[in-house]
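With these hints in hand, go ahead and build the complete structure from the sequences.
Each chain, written out:
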Amino acid sequence: MAGRGTAQRPNGAGAAGKICQFKLVLLGESAVGKSSLVLRFVKGQFHEYQESTIGAAFLTQTVCLDDLTVKFEIWDTAGQERYHSLAPMYYRGAQAAIVVYDITTQDTFSRAKTWVKELQRQASPNIVIALAGNKADLANGRMVEFDEAQAYSEENGLLFMETSAKTAMNVNDIFLAIAKKLPKNDQAGGGAVGQGGSGSRRLDEGGAGSQGSTGKCCK
Amino acid sequence: MEFFPLGNAELGIRTFLTSVHANDQCGSDGLPLTPNSIKVFGRFQQLKDITHPNLCRYVDIARGKHERLIVVQEHYKTSLATEANSGIYSCISTVIRLAYQILQGIDHLNRQGLVHRCLSPKAILIDGVGCAKLTNFGLYTMTDYGTSVDFPIGSPSYLAPEVLASGRLPATLQLLSSPKTDVWSLGVILLELLLGIELWSKLNMASMLKQVICLLQSHEPVQDIAHSHGVLEKLKNVPSSLLDLLTKCLTVKANSRPYPSDLLQHPVFAEEQLAKVPSINGLHLFTGKLRCRKLELPPVNDLLAEGEEAEDMPTDYLAERGMDEVYYLWSLAGGDLENELSKRGMIKKKPPIFMQPNVVLQNGEPFGQEAHRSNTLDETVVCLSLDTLKDRLKEVHPSIYFPLLEELKPVLPMSPSMSDLSATATLPLIIREKDIEYQLHRVVLFKRLLEGYPYKRSQIWREARVDIPPLVRPYVWATLLDIEGDVRACYDAIDKRTATATDRQIEVDIPRCHQYNELLSSPESHGKFKRVLKAWVISHPQYVYWQGLDSLCASFIYLNFNDEALAYACMTNFINKYLHKFFMKDNAAVIQEYLAVFSHMIAFHDPDVSNHLDTIGFIPELYAIPWFLTMYAHVFPLHKIFHLWDTLLLGDSSLPLFIGVAILKQLRTNLLSFGFNECILVFSDLPEIDMEKCVQASIHFFRSTPKSATFRQHARPKTKGEKSGEGRALYTKDALPLADSEGERCAPVSARDLFEPWCGSRPPRPPPADPPPARSTIQHPARPGALPVLVIDVRLSEDYLRGTVPGAVNIPFASAFSPDGGLVSSSAVSQLYAHRGRLVVVVGNRGNHAAQFAGELVAIGFSKVCVLHNGLDALKSTGLMSVPRPEI
Ligand SMILES: Nc1nc2c(ncn2[C@@H]2O[C@H](COP(=O)(O)OP(=O)(O)OP(=O)(O)O)[C@@H](O)[C@H]2O)c(=O)[nH]1
Ligand SMILES: [Mg+2]
Numbered sequence: 001m002a003g004r005g006t007a008q009r010p011n012g013a014g015a016a017g018k019i020c021q022f023k024l025v026l027l028g029e030s031a032v033g034k035s036s037l038v039l040r041f042v043k044g045q046f047h048e049y050q051e052s053t054i055g056a057a058f059l060t061q062t063v064c065l066d067d068l069t070v071k072f073e074i075w076d077t078a079g080q081e082r083y084h085s086l087a088p089m090y091y092r093g094a095q096a097a098i099v100v101y102d103i104t105t106q107d108t109f110s111r112a113k114t115w116v117k118e119l120q121r122q123a124s125p126n127i128v129i130a131l132a133g134n135k136a137d138l139a140n141g142r143m144v145e146f147d148e149a150q151a152y153s154e155e156n157g158l159l160f161m162e163t164s165a166k167t168a169m170n171v172n173d174i175f176l177a178i179a180k181k182l183p184k185n186d187q188a189g190g191g192a193v194g195q196g197g198s199g200s201r202r203l204d205e206g207g208a209g210s211q212g213s214t215g216k217c218c219k
Numbered sequence: 001m002e003f004f005p006l007g008n009a010e011l012g013i014r015t016f017l018t019s020v021h022a023n024d025q026c027g028s029d030g031l032p033l034t035p036n037s038i039k040v041f042g043r044f045q046q047l048k049d050i051t052h053p054n055l056c057r058y059v060d061i062a063r064g065k066h067e068r069l070i071v072v073q074e075h076y077k078t079s080l081a082t083e084a085n086s087g088i089y090s091c092i093s094t095v096i097r098l099a100y101q102i103l104q105g106i107d108h109l110n111r112q113g114l115v116h117r118c119l120s121p122k123a124i125l126i127d128g129v130g131c132a133k134l135t136n137f138g139l140y141t142m143t144d145y146g147t148s149v150d151f152p153i154g155s156p157s158y159l160a161p162e163v164l165a166s167g168r169l170p171a172t173l174q175l176l177s178s179p180k181t182d183v184w185s186l187g188v189i190l191l192e193l194l195l196g197i198e199l200w201s202k203l204n205m206a207s208m209l210k211q212v213i214c215l216l217q218s219h220e221p222v223q224d225i226a227h228s229h230g231v232l233e234k235l236k237n238v239p240s241s242l243l244d245l246l247t248k249c250l251t252v253k254a255n256s257r258p259y260p261s262d263l264l265q266h267p268v269f270a271e272e273q274l275a276k277v278p279s280i281n282g283l284h285l286f287t288g289k290l291r292c293r294k295l296e297l298p299p300v301n302d303l304l305a306e307g308e309e310a311e312d313m314p315t316d317y318l319a320e321r322g323m324d325e326v327y328y329l330w331s332l333a334g335g336d337l338e339n340e341l342s343k344r345g346m347i348k349k350k351p352p353i354f355m356q357p358n359v360v361l362q363n364g365e366p367f368g369q370e371a372h373r374s375n376t377l378d379e380t381v382v383c384l385s386l387d388t389l390k391d392r393l394k395e396v397h398p399s400i401y402f403p404l405l406e407e408l409k410p411v412l413p414m415s416p417s418m419s420d421l422s423a424t425a426t427l428p429l430i431i432r433e434k435d436i437e438y439q440l441h442r443v444v445l446f447k448r449l450l451e452g453y454p455y456k457r458s459q460i461w462r463e464a465r466v467d468i469p470p471l472v473r474p475y476v477w478a479t480l481l482d483i484e485g486d487v488r489a490c491y492d493a494i495d496k497r498t499a500t501a502t503d504r505q506i507e508v509d510i511p512r513c514h515q516y517n518e519l520l521s522s523p524e525s526h527g528k529f530k531r532v533l534k535a536w537v538i539s540h541p542q543y544v545y546w547q548g549l550d551s552l553c554a555s556f557i558y559l560n561f562n563d564e565a566l567a568y569a570c571m572t573n574f575i576n577k578y579l580h581k582f583f584m585k586d587n588a589a590v591i592q593e594y595l596a597v598f599s600h601m602i603a604f605h606d607p608d609v610s611n612h613l614d615t616i617g618f619i620p621e622l623y624a625i626p627w628f629l630t631m632y633a634h635v636f637p638l639h640k641i642f643h644l645w646d647t648l649l650l651g652d653s654s655l656p657l658f659i660g661v662a663i664l665k666q667l668r669t670n671l672l673s674f675g676f677n678e679c680i681l682v683f684s685d686l687p688e689i690d691m692e693k694c695v696q697a698s699i700h701f702f703r704s705t706p707k708s709a710t711f712r713q714h715a716r717p718k719t720k721g722e723k724s725g726e727g728r729a730l731y732t733k734d735a736l737p738l739a740d741s742e743g744e745r746c747a748p749v750s751a752r753d754l755f756e757p758w759c760g761s762r763p764p765r766p767p768p769a770d771p772p773p774a775r776s777t778i779q780h781p782a783r784p785g786a787l788p789v790l791v792i793d794v795r796l797s798e799d800y801l802r803g804t805v806p807g808a809v810n811i812p813f814a815s816a817f818s819p820d821g822g823l824v825s826s827s828a829v830s831q832l833y834a835h836r837g838r839l840v841v842v843v844g845n846r847g848n849h850a851a852q853f854a855g856e857l858v859a860i861g862f863s864k865v866c867v868l869h870n871g872l873d874a875l876k877s878t879g880l881m882s883v884p885r886p887e888i
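So the sequence lines, in the order shown, correspond to chains A and B.
First residue of the first sequence: 1, per full-length UniProt numbering; consecutive thereafter.
First residue of the second sequence: 1, per full-length UniProt numbering; consecutive thereafter.
Mixed in with the good hints there might be a few duds.
[Said to hold, decoys possible] Among the chain A residues that face chain B by a calculated CB cut under 10 Å, a handful are:
(1) Glu51
(2) Thr60
(3) Ala78
(4) Arg82
(5) Ser85
(6) Thr104
(7) Gln106
(8) Pro125
(9) Lys135
(10) Asp137
(11) Asp147
(12) Ala151
Just so you know, these hints were derived from the structure itself, not from any lab.
What you are looking at is a predicted structure, and each value in this text was computed from that prediction instead of being measured.
The beta-carbon is built from N, C-alpha and C at its ideal position, and this holds for glycine as well.
Okay, here's the thing in structure tokens:
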């Protein structure tokens with residue numbers, strides 16, 4: 001599909017402040033629950049008939065880390081293989097990625113590995129990648145073993161959790177773990193990659209970043 | 001579309017409750033189970049298409065609270081239960097005719113794969129002319145053979161022994177009933193009629209079953225039953241052929257019992273078979289059936305006689321209308337099914353506080369709740385009163401029922417109350433859709449026109465431009481999409497079963513597609529989705545399945561729920577018309593071009609929004625792909641898609657671009673004040689869009705845009721009839737390399753669009769499309785002066801003075817702008833400012849000065865700016881250029 005442009009807004013000024021803004025992208029096979037995870041994280045909801053994603057969807061959410069507020073700009077992408085050509089537009093310049101698979105389908109795990117490879121090759125070198133084994137509530141139908149996924153994650157330096165958008169298990173936690181792992185100083189981050197792709201961005205409080213979604217803080 | 005007038009029938013409603021899933025019950029996917037009421041709702045739909053002179057038509061189903069369903073069906077107040085003792089059936093031949101009619105009804109059901117399964121005297125209605133009409137025949141089928149409800153189906157004394165025997169098993173474990181079960185019931189019914197008693201009325205099920213089983217040993221079961229009821233002598237007058245029929249019906253062993261179709265051949269029906277009239281050829285749109293092969297016109301004399309009679313007979317015109325229409329109007333007149341039931345005390349409304357349980361376990365299981373569900377079936381039928389409707393329509397002039405189609409400019413019929421039908425036509429759509437009289441008028445008119453399709457095609461287009469009544473939308477859309485021929489045969493020929501690589505994707509997409517809708521979330525609908533999508537993918541090898549096709553398919557499935565073939569045909573034609581090449585495996589170039597043209601159109605119609613979005617880097621790629629790939633079906637709920645597509649279907653493949661512009665226009669205040677994040681959030685969760693305004697605006701944009709500005713290389717090539725003659729190369733935009741137009745702010749237009757509006761000698765026009773009048777009723781302006789144009793020649797003044805487009809003014813690019821980006825004033829610039837808001841075409845040489853100049857104009861807020869494609873060089877040899885008049 002159309003592959004030009006990049007989903008990165010031009011960077012704001014790097015003035016010192018308390019909000020860190022990060023771009024995070026969700027990747028993974030269709031119907032593994034990417035949109036559901038985002039919806040759970042951002043709105044605390046679960047829709048059993050969550051609509052499929054075409055192209056990509058965008059949402060934001062804020063988490064608190066000690067004295068720091070981390071604001072995620074979340075790009076939720078379409079899972080169908082055909083939309084693959086769009087993906088770089090979304091992960092270019094992203095500081096974090098969650099690669100999602102469905103623990104009840106082996107194929108989605110293989111697909112997740114492919115995504116991880118692609119990110120390691122083509123995304124920002126310092127990108128924080130998390131692997132999410134979603135639909136953990138369906139333990140009866142498990143096809144991907146926890147240990148297998150964990151071993152894989154360790155080999156590749158990924159954060160790993162099994163999650164459930166349905167029961168909310170580990171959903172906030174995985175975002176929080178990412179927030180913790182992200183470098184918070186200006187020099188760090190994927191500064192070298194893509195147009196406009198640079199490290200975390202600090203904004204003045206009440207500045208351009210404080211619309212709509214009310215920040216939800218962790219304790 | 002078939003037409004079944006209400007006649008002297010009534011509309012009756014029945015209600016029942018489906019079983020409720022336990023609170024915490026989930027499917028294997030961890031998601032809640034589909035409610036039974038939704039299942040039944042979906043399974044019901046097929047029943048609406050069952051039409052036979054001996055079957056009552058199903059009209060509608062509605063879901064109420066607490067898993068309640070309400071079914072609307074053709075109804076008559078008299079039934080065999082009320083008439084059995086009236087004496088009519090003491091005449092043997094009447095009984096035989098009745099039996100024949102019942103069998104014909106059952107046989108028709110069997111042919112559709114249905115079994116009645118609750119045949120009883122109550123389920124046999126007698127219409128005004130004494131003809132038997134079976135009712136409630138869909139209960140068994142729609143409840144998924146009784147598995148979706150808690151109550152048993154059928155009344156015990158009429159049930160076949162094999163059904164009774166499995167009676168204690170839960171419905172899910174029972175065998176499916178065969179058509180032979182109805183034959184037993186018929187036997188019991190007929191025997192009761194002849195004996196004048198109710199059989200087994202005093203026995204419980206067990207003893208009844210015992211008696212029935214004992215008949216296995218009997219050589220003369222009929223006589224034995226009569227004997228056991230002490231009425232043997234009543235059989236004396238029954239002719240032996242009828243006794244034989246009864247004996248066959250009351251065969252205890254289902255294996256040896258004949259099928260209804262066998263019984264229709266029984267000698268007892270010899271006379272009936274002779275008298276049987278073939279059913280009339282109904283009107284079937286979109287089939288290969290010949291409409292009038294067997295049509296026999298009544299002799300002229302009869303017609304005349306009828307006409308005379310009609311003179312002094314006040315006719316109930318409403319009764320002449322289709323049942324579906326009358327019901328539709330009844331609902332518009334404020335009819336509410338649940339309300340009808342509460343009025344009869346069939347639904348007891350209690351304040352919610354009384355419905356609260358005393359204790360709720362952690363898993364959600366309630367205790368101490370007053371039972372408000374009953375496990376038995378209430379067989380009451382409530383008739384809908386048409387009085388309110390009739391009252392509302394009493395002023396309607398008869399001519400509304402019989403519109404004339406042949407007048408060139410249709411004049412709306414005048415009626416005392418509604419000399420203002422034409423005034424209604426100008427009211428907001430939502431009001432028009434609720435106006436009974438207006439809808440009556442529109443539906444009648446459209447039905448007439450549809451009957452004349454394809455000959456009445458152009459008139460359908462014309463009327464559809466006013467509005468499309470929801471009741472006839474499925475057919476009107478099909479005609480607007482030019483569906484013709486035998487769609488069923490085409491569809492049936494496609495392999496929809498063989499597994500393919502896209503099956504997984506289709507399967508995970510369907511349960512996420514417009515599932516808020518009760519019809520589309522039913523399992524029945526999921527099956528249809530799957531078949532139609534698979535059929536499309538398989539029969540279009542040049543295309544592949546892209547996520548989004550499911551949304552595109554949804555409205556066609558919804559509208560043509562009982563006609564998959566038509567849904568498929570509509571979807572195919574729709575994609576061909578609006579989404580040519582979009583579903584190619586590699587569609588990057590196609591989408592890119594589409595979005596580039598979209599950007600041009602934003603700049604053309606709303607430079608401010610275009611400038612702002614450009615500045616913040618908010619490109620269409622980020623938000624508009626789902627818009628265009630699904631023609632907005634992924635972004636709006638069904639009821640909005642209907643109104644949007646009602647208009648979309650009247651335009652060409654560029655109209656969707658203007659819909660996009662109209663959406664941006666509606667959100668513009670927000671967009672202009674928002675940064676990147678807020679903007680994209682707006683589109684991730686699109687706010688309420690006023691569809692009617694949006695549609696109006698898009699038509700306006702469409703009309704005020706030169707046709708060639710939306711030229712796309714990847715658009716569907718015009719069909720033969722549309723090709724223009726000589727001069728084409730000069731006047732149309734040839735395929736331009738994408739890189740040319742991409743990245744530029746303004747749309748290039750062809751020389752033809754430049755000259756047409758005002759040029760005295762018009763370039764040759766393409767011959768009118770064949771068949772005659774315009775197919776596309778929303779048209780770009782072609783009339784001289786419709787688009788006043790200011791042509792700006794940006795070349796050096798020497799070049800300009802040597803020859804330019806007639807009427808062009810000269811603003812040489814090199815000296816046009818001051819360092820701050822504003823225009824340096826001159827008389828030409830004043831002319832430009834005076835012209836603001838109207839079409840500006842910037843012309844230059846082949847270089848990109850013209851495009852740059854145009855871009856600058858947009859940047860300072862000029863709308864309707866385009867660039868002459870290929871520059872003036874292309875015009876030099878044509879003699880269309882002239883030396884500008886010297887300024888005085
Ligand atoms: N049981 C269970 N179902 C889930 C869970 N997460 C998502 N689902 C269901 O899985 C289906 C797919 O979820 P989506 O969130 O639409 O998946 P997606 O990855 O965004 O899919 P695409 O948009 O097609 O790429 C939906 O029906 C969800 O309700 C979960 O944690 N448990
Ligand atoms: Mg999604």
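Interface hint compliance - glutamate 51 of chain A to chain B, C-beta minimum distance less than 10 Å: Hint holds; glutamate 51 of chain A Cβ to chain B Cβ min 5 Å, cut 10 Å.
Let me know if the C-beta of lysine 135 of chain A comes in closer than 10 Å to any C-beta of chain B, holds or violated. 7 Å, holds
The hint names threonine 104 of chain A as touching chain B; please verify it with the least Cβ-Cβ distance against 10 Å. Since the shortest Cβ distance to chain B is 8 Å, the answer is holds.
With a cut-off of 10 Å on the beta carbons, see whether alanine 78 of chain A makes it to chain B. 6 Å, holds
Measuring from the C-beta of proline 125 of chain A to each C-beta in chain B, is the shortest one below 10 Å? At 24 Å from the nearest chain B Cβ, proline 125 of chain A fails the 10 Å test, so the hint is violated.
With a cut-off of 10 Å, does the beta carbon of aspartate 137 of chain A approach a beta carbon of chain B closely enough for the hint to hold? 5 Å, holds
Verify the interface restraint on alanine 151 of chain A: the C-beta must sit less than 10 Å from at least one C-beta of chain B. Violated - the Cβ of alanine 151 of chain A stays beyond 10 Å from chain B, reaching only about 26 Å at its closest.
Once the shortest beta carbon distance from threonine 60 of chain A to chain B is found, is it less than 10 Å? Where the cut-off is 10 Å and the nearest Cβ of chain B is about 6 Å from threonine 60 of chain A, the hint holds.
Verify the interface restraint on aspartate 147 of chain A: the C-beta must sit less than 10 Å from at least one C-beta of chain B. The hint is violated - aspartate 147 of chain A has no Cβ within 10 Å of chain B, the shortest such distance being about 22 Å.
Quick check on glutamine 106 of chain A please, does its C-beta sit within 10 Å of some C-beta on chain B? Since the shortest Cβ distance to chain B is 13 Å, the answer is violated.
Minimum beta-carbon distance criterion (10 Å), arginine 82 of chain A to chain B: 6 Å, holds
Given hint serine 85 of chain A near chain B, where the shortest CB pair must fall under 10 Å: It holds, given that the least Cβ distance between serine 85 of chain A and chain B is near 6 Å, below 10 Å.
The structure fails to meet hints 7, 8, 11, 12 from the earlier list, while all remaining hints are met.
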